[in-house]
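Undergrad: In order, the protein sequences belong to chains A and B. Just so we're aligned: the first sequence equals residues 1 to 262 in my numbering. Just so we're aligned: the second sequence equals residues 1 to 262 in my numbering.
Wrong hints could be hidden among the right ones.
Because identical chains cannot be distinguished in the list, a pair is counted as satisfied if it fits within a single copy or across any two copies.
[Said to hold, decoys possible] Heads up, simulated EDC-like pairs for lysine to aspartate or glutamate below, C-alpha to C-alpha not over 20 angstroms straight-line: (1) K108 <-> E182; (2) K247 <-> E194; (3) K123 <-> D86; (4) K108 <-> D16; (5) K258 <-> D58; (6) K260 <-> E131; (7) K247 <-> D200; (8) K108 <-> D180; (9) K102 <-> E182; (10) K102 <-> D180.
Hints were generated in silico from the structure; no laboratory data involved.
2 protein chains.
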Amino acid sequence: MAGTDSTQTGPRTPADAPAIILVAPQLGENIGTAARAMGNTGLSDLRLVNPRDGWPSDKARAAASGADWVIDGARVYDSTDAAVADLTHVFATTARSRFMMKPVLTPKTAATEIRQEAARGGKCGILFGPERTGLDNEDLVRANGLVTIPLNPGFTSLNLAMAVLLIGYEWWSAGDATPDREISGGHMPATREEFRNFMDRLTERLDETGFLREGDLAPTTVRNLTNLFQRAELSAHEINTLHGMIKYLQRTALPPEKRKKG
Amino acid sequence: MAGTDSTQTGPRTPADAPAIILVAPQLGENIGTAARAMGNTGLSDLRLVNPRDGWPSDKARAAASGADWVIDGARVYDSTDAAVADLTHVFATTARSRFMMKPVLTPKTAATEIRQEAARGGKCGILFGPERTGLDNEDLVRANGLVTIPLNPGFTSLNLAMAVLLIGYEWWSAGDATPDREISGGHMPATREEFRNFMDRLTERLDETGFLREGDLAPTTVRNLTNLFQRAELSAHEINTLHGMIKYLQRTALPPEKRKKG
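So here's chain A without its partners, still in its complex pose (with noise of 0.2 angstroms):
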């Protein structure tokens, strides 16, 4: 809408999200900051699997530090096969998988294949286990395909809001327009003209005081001091700061009384 700032619209809930499913939880808070984190990455479909106490929760509540609308769309079931009967691809989160012939995905290439299967109109979910002992085996059979987090060896145990905000952050990220890099602060770069024009009055300035007098050696540090400046990537604003700052250079300093640190 016109006039709205984009800090001010809420959260984003995609229709295309996976749900999470919760298979036994045991402690609300854990739901909890879980769905904070589904929040933080987009996610809104939350799905609990006999939370052991209860639903809802006020725990979870406060926990989820704000992230009421994934708290107040969770639903409850007495199974993994009625939480998941309306989905079309499940993934199960465990770090065991030695034990079945199954696809196992990274974070990156599930995220991948959740968004290739939304685009053709199915609705994928992923299930994480209770907190100690993560999901049975039964509830590995009922999925598609394992998903492993890549971890340090010997140290991998992960709590289940964190398990949940990795899946997140993938998926997220696989839909997400971020460039990989990019120069903050909304000023506008100087043009070619504003830097050439900045570096003709450095060099004439430099060329007075004596500084490029080994004539071999100035072109050189003429070069030099221009890659610097180039990689800096300046903004008119900046290069106006420039020019001010090389006038001042010139002057005799002031008595301390009369100086100004900003």
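Chain A is fixed; fit chain B onto it per the hints.
TA: Relative to the frame of chain A, chain B by itself:
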């Protein structure tokens, strides 16, 4: 070493991993959960600038859930400058990037640059601000670049350990050789001959039973079945199971008391 099971080796602590610098962290618990996230992702160089509740911290150790080597190796500094003095490249994590002209990177791009910097002998660090306020402008100015985690706009608030986990995860993933997708279970895939023998037997048996009696459709049906079993990427062991299944499917049903459901 010969006979060493990879599951028995301890967590890895790669020497080229970046330092994690927590500036004025408030709660020991948060330092501990951040240390755990570091352990999960192969990071071990933890630096604390003026931790509010002092150091060492029993609460931090408890919250680290076994990442004792990270806690034991932590060093305390009285300024950010002192904490980053030996580093060649420093990134600052921040959600705010509108007020200064700086390169802003995704965690993935930062991870690549950190590994490139390490490959040429440099050492990187990543600054994280206090829980409530984040890094102040002075600390942002110190950094060579900013890292902003792409998250759901309108719900970007992450706790400290979550932020450390995502940055560490991208760093770990950038050096991780886990296949994007593989079949777990360790069974050898069937040879093409084993697969063909199975399909021949199945086709023969289906032909005997009359399933393929619609002459014109038979080739299509066989092709569909072949594709179906092909997609399953069967192991030799599974093909043996299927041979047994075909054999038994032609028998007459046992009386209920003689059945056994595996």
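Undergrad: Output the indices of the hints that this structure fails to meet, ascending.
TA: 5 and 6
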